[in-house]
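Peer 1: Each chain, written out:
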Amino acid sequence: MAKIIKNEYYPGVYKNYFRKLFTKNMVLGKKVYNENLVSDGNVEYRTWDCSKSKLGAALANGIKFIGFKEGDIILYLGASTGTTVSHVSDIVGQNGCIFALDVSPTTTQDLVFLAEDRKNIVPILADANNPLSYVHKVSQVDFLFQDIAQKNQVEIFLNNMVFLHKGAYGMLSLKCRSVDVTKKPSQVFKQVLEELKKKVEVVDFKSLEPFERDHYMFLIRKNY
Amino acid sequence: MKYMYSSVLSTYLFDENFSIVKEKRIQNPIELDKGLWTQEEKALIAANKNEKIIFVGQKKEKIQGVEFTNDENVINKVLKASKNNFDEHFSITIKITKKKISESFSKEFFIVQTINAITELEKSINLLSKRVREMYSVYAPEVEKKLSDNDSFVRMIITKDKSELFKELNISESMGASVPKEDIDSVLELANCIYKLIQEKIKKEQYLEQIVLIVAPNLTAICDAKIASKLIAIAGSLRKLAFFPAGTIQTLGAEKALFEHLKNKANPPKYGVIMGHPLVMNAPIKEKGKMARRLANKILIAVKVDYFNHDNNTIGYELKEKLEKSN
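The listed protein sequences correspond, in order, to chains A and B. The first sequence: position 11 = 5 (our numbering), numbered continuously. Converting from the second sequence to our numbering requires adding 270 to each position, the first position being numbered 1.
Keep in mind that the hints were calculated from the coordinates and are not lab data. Since we're looking at a predicted model, the values are computed, not measured. Yeah, the Cβ is synthetic: ideal placement off N, Cα and C, and Gly gets one too. Be careful, since some hints might not be right.
Claimed, not checked - Only pairs whose alpha carbons sit at most 27 angstroms apart, straight line, appear in this in silico DSS-like list of lysine-lysine:
#, chain 1, residue 1, chain 2, residue 2
1, B, Lys294, B, Lys415
2, B, Lys353, B, Lys377
3, B, Lys350, A, Lys177
4, A, Lys178, B, Lys430
5, B, Lys574, B, Lys510
6, A, Lys192, B, Lys272
7, A, Lys191, B, Lys347
8, B, Lys560, B, Lys526
9, B, Lys347, B, Lys330
10, B, Lys526, A, Lys169
11, A, Lys145, B, Lys496
12, B, Lys535, A, Lys216
13, B, Lys473, B, Lys393
Stated by the list, open to error - Chain A residues, not near chain B, derived (Cβ > 10 angstroms throughout):
#, residue
14, Ala143
15, Glu149
16, Ser180
17, Lys192
18, Lys200
Stated by the list, open to error - Part of the chain A face toward chain B, derived, beta carbon under 10 angstroms:
#, residue
19, Ala(-4)
20, Ile(-1)
21, Pro117
22, Met155
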């Protein structure tokens, strides 16, 4: 097995010679979604499967920076069963916290089980369309991540910017076919880029090929 | 003018510069999560009656003198100014989430699961029947060829002997082998399992008719229980079905043809799941599309009555009569 070293661009993420990504396992010996566990001396790493995680695909394709670090508070919209949330939880560590939102009760059940192992996840059953319905459960955050496949995903993202500190970063995973299936994906991408530029500063964007088709990841910064 | 905000731990009152004036610990955060006014909030509002209060959050009822705001600036400052004891905040929020999950059960969940179970039972019965037919053909191929329906085939070979079957079906000569007892017993055991699956499928269909009648009586009056539950299953819930336009209901279940039409300029589909309805099946070929459109329009009315006005369960029959008369 190739030796695992730190990834110099993204603190908290590790890599090996074959360009696979890893994070340090917070709960030794336990798998979250049947990934590979690798031991290197006393430290255990979990393989980050980039075909199952939009954030992993963006990092593998070289997005400028990851936007959050150890100890941060994160708002994660569209957490689903917690595959990407578990890696974010590894990076953020015991001093950080993730508010993991999802609208479906059956997937939030898996999040609750994940939160029992790792003490830094707070699962919330709420609709991201309506930030005022969960304003009493969350606090101000250092990073906003969204992976929701709905027609109005950009509107949801901009509505939830209210929870970000000024000068903080956010990531939006865009699924072009959900926004409008009849238009070409490059057209939808341009439209969304214009819409985002009006309100926030777009730092970087990357296509998620070959892991996903017609998906883009935007890295933005809140300047107001 | 004062600002007010409640987190799951306590409720805060701020002045115009967003410094905390009063803070009260909340005893019942689950009540807060449901959108009701808690005792502590009502007490703070009553103590400041002569001032205008702006509240950050969502409530089901209004109180005189209290306004709600959507202003991002206000929400930002109010969140910054409220202190947070993180450990307690987390454990209370997780408790609220667990309670919410346990209360999100609805009868529609079982409708969707049951219709999917019936589809899977049908597939399993077909798949295993093919296997039994192949095995039995070595023993009595003429019997297997004459009984083309899976249900009757399985029932007959379990209950009757080879010679009885030959007499009933008027077979004189046979090219079947004389298979030893243990081998033919193994085949008949598998046929027994299929028979039990068929009985289970019939039970599930009867159970499905009962529960769809409770949830959507008018919809089951127009189409039968199977089509009604398939429509609910594809839409996800009765609420989503009630907010669809009629054109979507007409083509629910024909998504592949629909997207080919939207993206690649193919011909649009005329009907989806509602193709199985007798009115559409028995219509002449040139009228099938029109019948599907009329049926989808009436189905939408019935679904809306079911979702919004549950007391009315006669409109389904009236709509069906209208459709059959105009035919």
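Peer 1: Is it true that the CA of Lys350/B sits at most 27 angstroms from the CA of Lys177/A?
Peer 2: violated, 41 angstroms
Peer 1: Check the non-interface label on Glu149/A: least C-beta distance to chain B beyond 10 angstroms or not.
Peer 2: holds, 14 angstroms
Peer 1: Take the C-alpha atoms of Lys145/A and Lys496/B, compute the straight-line distance between them, and say whether it is at most 27 angstroms.
Peer 2: The given pair, whose Cα atoms are some 30 angstroms apart, is violated under the 27 angstroms limit.
Peer 1: Would the hint on Ile(-1)/A stand, with a C-beta cut-off of 10 angstroms toward chain B?
Peer 2: Nearest chain B Cβ about 33 angstroms off; hint violated.
Peer 1: Evaluate the condition: distance from the CB of Ser180/A to the nearest CB of chain B exceeds 10 angstroms.
Peer 2: Ser180/A is indeed farther than 10 angstroms from all Cβ atoms of chain B, at 15 angstroms.
Peer 1: Starting from Lys191/A, check that the Cα of Lys347/B is at most 27 angstroms away, please.
Peer 2: holds, 24 angstroms
Peer 1: Verify that the Cβ of Ala143/A lies farther than 10 angstroms from every Cβ atom of chain B, and report whether the claim holds or is violated.
Peer 2: holds, 14 angstroms
Peer 1: CA of Lys560/B to CA of Lys526/B, is that 27 angstroms or under?
Peer 2: The given pair, whose Cα atoms are some 21 angstroms apart, holds under the 27 angstroms limit.
Peer 1: Verify the proposed pairing of Lys535/B with Lys216/A, using a straight-line Cα cut of 27 angstroms.
Peer 2: Status violated; Cα separation ~42 angstroms.
Peer 1: Given the hint that Lys294/B pairs with Lys415/B, does the C-alpha gap stay at or below 27 angstroms?
Peer 2: Violated - the C-alpha atoms of Lys415/B and Lys294/B are around 81 angstroms apart, more than 27 angstroms.
Peer 1: Could you check if Met155/A really has its C-beta closer than 10 angstroms to a C-beta on chain B?
Peer 2: holds, 8 angstroms
Peer 1: Minimum Cβ separation between Lys200/A and chain B greater than 10 angstroms?
Peer 2: Given a closest Cβ separation of 25 angstroms, the condition holds.
Going through the hint list in order, the structure does not satisfy hints 1, 2, 3, 4, 6, 11, 12, 19 and 20.
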